[in-house]
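Colleague: Chains as they are written, first to last, in my numbering: chain S, 9 to 387; chain X, 2 to 331; chain Y, 4 to 494.
Any given hint could turn out to be false.
Claimed, not checked - Only pairs whose alpha carbons sit at most 16 Å apart, straight line, appear in this in silico EDC-like list of lysine to aspartate or glutamate:
1. K98(X) / E342(S)
2. K25(X) / E335(S)
3. K372(S) / E477(Y)
4. K35(X) / E52(S)
5. K98(X) / D201(S)
6. K227(Y) / E217(Y)
7. K50(X) / E61(X)
8. K234(Y) / E477(Y)
Don't read these hints as lab results, they were simulated from the structure.
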Amino acid sequence: MATADAGFGLPRWAVNGLLPLVNLVAAFAVSGIVILILGESPVEAVVALVRGAFGFREAWGYTLYYATNFIFTALAFSIAAHCGLFNIGGEGQGYIGGLGVGLACLYLDVLPFFLLVPVAIVGGALFGAAWAWVPAYLQARRGSHVVITTIMFNFIAATVMVYLLVNVLIEPGQMSPQSRDFAEHARLPAMHDMMGWLGIDFPRTPLNAAFIWALACAGLVWVYVWHTRWGYELRTVGANPDAAVYAGISPARNIVRAMVISGALAGMMGLNEVMGVNQRLLLNFTAGYGFVGIAVSLMGRNHPVGILVASLLFGALYQGGAELAFEMPRVSRELVVVIQGLVIMFVGALEFLFLPAFRPWLQKRRQAASAAAAAAEQE
Amino acid sequence: MKRILFAAGMALLLVAAVGAEEIKPAVVFDMGGKFDKSFNEGIYNGVEKFRMETGIEYGEFEVTNEAQREQALRNFARRGYNPIIAVGFGQAPALDKVAAEFPDTSFSIIDMVVDQPNVQSIVFKEHEGSFLVGMIAALASETGKVGFVGGMDIPLIRRFACGYEQGVMFVNSDAQVYQNMTGTTPAAWNDPVKGAELAKSQFDRGADIVFAAAGGTGLGVLQAAADGGKLSIGVDSNQNYLHPGSVLTSMLKRVDVAAYDVFKTAMDDTWEAGIKDLGLAEDGVGWALDENNDSLITDEMAARVEAARAAIVAGEMSVHDYMASNSCAY
Amino acid sequence: MQANRDVSVEVVKGSIHGIIGENGAGKSTLMSILYGFYRADSGSVEIDGRTAAIHSPGDAIAAGIGMVHQHFMLVEPLTVLENVLLGAEGGPLLRDGVRQARDDLDRLERDYGLEVDVDAAVGGLPVGIQQRVEILKALYRGAETLILDEPTGVLTPQEATDLFRILAALKKQGRTIILITHKLREIMAITEQVTVMRRGSVVADVRTADTSREHLAELMVGRKVLLRVDKGAAQPGEVLLEARNLEAVDDTGVRRLKDVSLTVRRGEILGIAGVAGNGQSELLEVLCGIRKPASGELEVNGHVLWSGQERTDARRVRRIGLAHIPEDRQRMGLVTAFTAGESSILGYQGDAAFNGPILLHRRRVVSACQRQMHEYDVRPPDPLLLSSGFSGGNQQKIIVARELDRDPEVLLIGQPTRGLDIGAIESIHRRIIELRDRGKAILLVSVELDEILSLSDRIAVMFDGAVAGEVAAEDATEQLLGGLMAGLGNN
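Go ahead and model the full structure; you've got the sequences and the hints to work with.
Modeller: What follows is the structure, given as C-alpha cells:
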C-alpha cells in the first residue's frame, strides 16, 4: 500500500545522498543568477569558490579549521536532536565552554602541556555542559521549552563573557577586552607545527590539533548513540517518549543527559577557537558557529558521517567564500553570506523540494528491481 | 605546490617589472566594514582619494571573523601586494605574524604599534587634539559644565577624555566635566540611541556642550544636542556640516590622510617603517573651523586655541597622555 | 505494491452493501479511490450508469458520495453547526449560510432520527454523537451514497445499535450505504449484499442471506478458521496480582481510577471490559509501574508496589516478573523508527545478555531477535527492518515475543488484537490461553466484547473509572455486560 512512511518510500541513498546533492546544485544555480545580475561570471565564481576552498594546501587548512568548529557544534546539536530536543544554545554553550578552556589555560598553566590539554578539554566540556544543564533541568522537571531557554542562555552567555572580559580577565592596557596570551605550552599545536615535526611542509593556518579531537568526538558520538544502552535510551526518548516510559526509561533523566553531552560537545568549539586559534580569551570568538552547526547537523541527517561531510561543505563555503570575495571585489562579503544562506535554505529548509520530481523515477527503479528479483526467484 | 611557486614567481616578476612608479597597494578593513560611518570609512575615503588621483587600483578585504585577519594579510602579501594597510588595533597580533613571514612587503597599521622592521605603525596623539577642543568647549560654555560621551571603554578613548578634560581645566579650572562611556564591547561604537540618552542626561545635569568620541554612537549625541539646542563636538572627520550651528567644532583625526600618505609615499618610494606618531605638529590631529561653525567660534576663542596649539607644537606645553601611565593624573 | 487488483464492485442503489476483508486486504484503498484520495491506475467509476471522473474529495462530494472516516474529521472546539458548515459556507458572509444550514439540519434530523444539539461544541459530545455529526455533514453536502469506514470501532453495543437504526432509516429514504468492516456480526446484521476482499482482489460477492459467518471468515482468510476459542476450565492458583482501593488522577488532575479493587490468580484470565476511555488505560499504567496511584495498595508477585519504600518504575516492575503488552503498540509497544531488533529489546535494553561494560552488542540483539522471530513466526523474519515496516499483526508478535521471552509470572495485556486480521487474532488468542494453562496470571483489557467473552474466566466491567461489576464468564451475556458498560445497571 502506498503509505507515507519515514523513508518516504525511497531508498536511503536517495534520501541521504541524491536529494542533498540536488539541493546543493539548486542553491548554486540561484546564487549564480545573483552573481550574473552583479555582472560577474557565475562559472568563474564557482571555480574561484571551489579552488579557494580546496585548490591549495592553505585553503585546505582554513576549510578544515572552519569544519572543526562545525563538527563540534553539529555533533552537539545532533545528540540533543536524537533525544527529541532542539538545542539552539550551541552558540552560548560553546562560548562558555571556551571560557572553561580559557580559565584552565590562564590559571592552571603551571601544569605541563600533556596534563594541561586534558584539563582544558575537561574544563571546556564541564563549562559547556553546565551551561546546557540549566535549560535541560528546566525542560525535564518544569517543562520550560529548551528552544526558548537555550536562546535566552545564549544572550546570558554573551553578557557574562562581556562582564568577565571587560572587568576581570582583561589584560591591563589592552584596547579590546581580551585576556593575556596563553603561555607557549598552553596552546594546542597547530597543524603546520605538527606536520613540521613529521618533516612535512604545511602552510601556516589556524588548523590545529582540535581537528583530530573533532574527528575522535564524531567517532565517540557514533559509538555512544548507536552502540551503548544509554544511547539506545536517549534515542527511545527522542523517537517515542511514551514507549520510553513504558520501557522504564526516564525521559527527564535522558533529556538532562543528552543536553549535558550536547553542551560539552559545543564547549569543544571553544577549545578550537580559544586554545587552538586565538590562544587567548576574547569576545565573540563563537562568530555564529553554534547556529551554523544546526544547519550542518540537519544537512548531515544528525549522523556523525553526514555531519563530517556537511561540515566539510560548510567549511568550504566559509573559506571559499572568503577567497571569492578576495578574487572578485564585486562579490562582497554580504553576497557570500547570501550564498551560504541559500545553501542552508535549500539543503535545510527546502529539504524535500525536489522529492516529487524524483519519486516516480525512483519508484519505477525500485519496481523494476523487485520485479527482476521476483523473476530471478521463480527461475 | 608547483602552482604556488609559479604564482610567487609571477608576483616577483610583477614587482620587478612595475618598479617604483607603479605600486599594487591593498587594505584590510576590520570587522566594522568599510562603510561604518567612522574609522574604517575614514580609511576608505583616503584610499579612494588615492585611486581617483592616480588611477591605481587597490586590493581590499573586509574581515568577518578573527581568523580571517591573518588570512587576508597573508593572501595580499603572497600575491605581491605592497604596501598593505591593516586597519585598527585588532589586527596587530595577525600582522605581527604575517609581517615576519614577508619581510620584503611593507605594512602599515593604523592605531597600534607593531614592532617589526617592515611595519609602519601609525598612531595619533588624540590627547593633543582633544585638548584643543576641550579648550573651545570651556570657552564656549555658559554653565561651566561640559560633557564627554565615549564609545567603547578602552584606553584609547580614555586618552581622548583625558586630553579633553585637561583642555577644559586649562581654560577654567572650576569647570565640571561629565564623562560617560557607552559600553564595554565593540557594540558601543554603533549605538546612537544610547549615545543620545547619555548626552541628554549630561544636559540635564547642566552641561551645555558635549564631545562625542564614539564612532557611530556619536551621531546620536550630535542629534541630541541639535534637538536640545545645545552644542556638540564631533570627532575623527569634520562633522561640522551634520548640524550647522549646533556642532561647535570637530576634533580631527586624519586617518584618511594617513592612509592616503601610506600609498602616496610608497609610490614616491619614501615609505618608511617605524612609528609615525601624528600629533598637532604633524597635522595628524586638529580642530575644524569652516563656514558651518564660524559663527560659533569667536576670534578671541580661535586666537587662544591657536596660541595653545603653537605652544604644544613648539614643545613649550605638553598634554598628558592617558596611555603613558594608564591614568589621567596630570 | 498493488493494493487493488482488477476490483469490480457493483452497489445497488438504495441498499446497504458490506465490504469485508482482513487488514491490508485493500478495502480502505478501494474506498479512498472512490472518495478521490487516491487515483486508480486503471479502471473507472460509474454512478447511475454514467462515468464519473473523481480526482479529489471535492469531485466525490459533487458526485453525491459522502464518507464517514474511522477517525473523525471534526474540529473539536467548533459547534456541530459550524462543523457541518465547514467547507460549505455558501458565501463570504456566514449569516445566510448559517440560517440555511439550521433549517436543513432540522429537516435531516427529523427525517432520519439523527438527534443532535446543533449548538453544542463537538469536543464535548460522546463519540456516538460525534459520528452522527459526521453523517450529518455528509448528508448536508447532498450525499446519496454514504461510505462508513469501520464505524462501530469506537461505539458501545448500544450506540452501535442506534447507528444501525439510523442506517436503516437512510436506506428507507433511498440512500445507498457502503459499510466497511471486519466484524462479521455487523455484516450479517444489516447488509443485503457483501463483497469479500483478500489481498487486493475481490474473492466473493454474495447475498448476505445466502451466507454465514463461518463461510465469510473462510473467504476472508482463505482457509477454515475457528471463530470460537477452544479452552478448558481454568485452574486458578494463588493470587499473583492484588489491587486494593486504587485511585489515580491523570496529568490534568482528573480522577481516572475510583476505588478499584481486583485480584488475578495464577492460571486464570481476568477480562476487563468497557468502552474505551473509562479508566482501563490508567489501570494498566498503574499496574505496570508507569503511573503512580493517588492512593490504594498494589501487590504483584509478592512485591508491594508504590509503597514508598522502594522506587517503582516500569523497569523494576519488569524485574519482579510482570510483563506488559501495551494497548497501543505503535505509541508504546515499540518505536516505529527503530529496527525490529532494537524494538525487540525495549524495556530490556539493560540486560546483561546484550551489554558489555560499555557497549550494547548489536549482534547479540539481532541474534536474539532472530530467534524470537522464528519462535513467534514474525514475517518477514528480518531484525534489521524498521519496525514501521511490519504489518500490525507482526508488530504485535514482535511485542508478544519480547514480553514472553523472559517467562513472566504476571501478564498485562491491552487490546491484544486491535486492528489485526482473523488469522493473527486466532494465533494470539491461542497463545493467551496457552499461557493461562501454563499457570500465568493474566489481566486482559479489551474493548472488543467478543474477545472478552471468549477468553476470560472472570470479567470485570469498568465504567467511569470504577469497576461497575464483576461476573464469572459463565454468567456473562452481551446484554448484561453492555448495560454495565453503559453505566446503567449493576448486579
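Colleague: Any hints this thing doesn't respect? Which numbers, in order?
Modeller: Hints 1, 3, 4 contradicted; others consistent.
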